[in-house]
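S.K.: What follows is the residue order along each chain.
Number of protein chains: 2
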Amino acid sequence: MKIIIVALGGNALIKPGEIGTSEQMINNLRAPIKQIAELSQEGYSVIITHGNGPQVGNLLLQQESTEEVTQMPLEILVAETQGQIGFLIESTLDEELMHLGIDMEKYFLTVLTYVEVDPDDRAFKRPTKPIGPAYTRRKKGYVKTSKGWRRVVASPQPKRIIQSREIKKLMDEGFIVIACGGGGVPVVKNETRFHGVEAVIDKDLASAKLAEQVGADILIIATDVEKVALNYGRVDYKYLDRLSVSQAKEYMSQGHFPPGSMGPKVQAAINFLEAGGKKAIITSIEKIKDALEQKAGTHFYLDGF
Amino acid sequence: MKIIIVALGGNALIKPGEIGTSEQMINNLRAPIKQIAELSQEGYSVIITHGNGPQVGNLLLQQESTEEVTQMPLEILVAETQGQIGFLIESTLDEELMHLGIDMEKYFLTVLTYVEVDPDDRAFKRPTKPIGPAYTRRKKGYVKTSKGWRRVVASPQPKRIIQSREIKKLMDEGFIVIACGGGGVPVVKNETRFHGVEAVIDKDLASAKLAEQVGADILIIATDVEKVALNYGRVDYKYLDRLSVSQAKEYMSQGHFPPGSMGPKVQAAINFLEAGGKKAIITSIEKIKDALEQKAGTHFYLDGF
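Sequences listed follow chains A and B, in order.
So the first sequence is numbered by my numbering: it starts at 1044 and just counts up by one.
So the second sequence is numbered by my numbering: it starts at 1044 and just counts up by one.
Excised from the complex, chain A in its bound form (with noise of 0.2 Å):
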């Protein structure tokens, strides 16, 4: 049985224009979920890990507001995320399953998942990842990003999923898990203990992690556009349907994937495929099965294949 895993952006939750209710979340989920309950109805073994950047930043402003009770840091913030878009997730997926009627016939679960990332990672000396509301003007300790002023905090690149094993067991036996949420709970280890730090691992570097742990068969990664394009955003912007790994890092350094967009997707792809990943495509969140048809998305290769 294939193990494909789907990577769903932020943006599969909240859209452009939205405040990220919960009712709003839930609804954007319907379009990716339906598609994943499909494919695990076809018989692929199917991991669904997703984004937490506007929540986990909204509840570390939430908890700022207040002192009268205790503050968290940062890594047990992305954790409770999990909890929060986990839950979202998985009762959607729940309703997509008994539409197809196969509810009962799937076992699925939301895996609590940290990843280790390594302490002297130079991000956490340069902070680059934003996270929680934009706003339109100059904010004090807030950097300026493509969708505003927005607080960045360290993302280190993942080691390691810490719970691997479990997954790729869960697998063996079938199930539909949901994992790596947030891109993991980030932690050190020291000597007998995993510690959390001050992080949030982008989602996508952490899924072509899990890929390559578990030995999944494809990764996708789901975002807001069907195709990565060179000059994004320009008039002589350029889609690519097929993108070889060393075409891929070209462009990188020619700087056509900025880091806080589709820098990272594209590094979680040619990760996967350099690990021996077999396929890895980035698409949108519409057009998931439609990619895995070869009808849409951009399709990374090794070179030579």
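Hints are not guaranteed to be accurate.
The list cannot tell twin chains apart, which means a pair is met if one copy fits it or any two copies do.
Okay, derived cross-link-like pairs now, DSSO-like style, lysine-lysine, Cα gap no bigger than 27 Å in a straight line [unchecked claim]:
1) LYS1077 <-> LYS1058
2) LYS1211 <-> LYS1149
3) LYS1232 <-> LYS1149
4) LYS1212 <-> LYS1077
For the record, the hints were derived by calculation from the structure and aren't laboratory data.
Since chain A is already given, all that's left is putting chain B on it; use the hints.
M.R.: Here is chain B on its own, set in the frame of chain A:
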């Protein structure tokens, strides 16, 4: 292999006088989790459940403190505490398993859990469950409890643990499972969807229901006293070593076990035994193993056994 469910009370996480920082919670978890790791080593199949009263109330208070970002309904906050506390428990468990040198032999997971309740449950009209911080002075909308003025929310009866099939399967595969956090995310079934409802389910009653559904052998409710007492808090109090279901019901009707504290624990023990469970014990978080060896705790039994 015997399945044992250990339900950890809120006091396993936050001791009197503490504000509930993540470090305090980790320190407090050490004693019960060390014993649980040993039980796993000794061959027990263990499920850990936990409360979330202070934590879910804190999240509610935090999100009410700002209008800058959208607020989540109470059940989503319960899901968030499953991530928050699940991570603290799991990383502590990981450490204790490492100390025993069996971390790589054991599979363990925190499972997002939701629990079906009756939309017509009378609890929705009569909130009883205290959550969040306690205040020494009267506070609008708050209710006076033994710990001070607290917010109280609806606490409906758990009808069915939705993930019990999945959890049972994990037990068959030898996993240690952390589940039913905060009593589970309360949902009602509405045609083809589970909708969250604004409530917090009692974690002991949810644990008893889970114990029944997965066919657990033993339910241990770990709290801050070593035994159940008659006339608790009075000079003529009397600790109970053994308690039959019919005696328990009689004492309950006499008001020995108040609703906000020992009441639901005793009720959970009764429910589990009446549903076919073999052993139900209430004891302190320090005495879990002693209680299993009959050296501590109040042991419940069905009349005639």
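S.K.: Work down the list of hints and note, for each, if the structure agrees.
M.R.: Hints versus structure:
1. LYS1077 <-> LYS1058: within (18 Å within a copy, 45 Å between copies)
2. LYS1211 <-> LYS1149: Close inside one copy (16 Å) and across copies (14 Å); limit 27 Å.
3. LYS1232 <-> LYS1149: between (35 Å within a copy, 18 Å between copies)
4. LYS1212 <-> LYS1077: both (25 Å within a copy, 25 Å between copies)
When the structure is compared with the earlier hints, no violation turns up for any of them.
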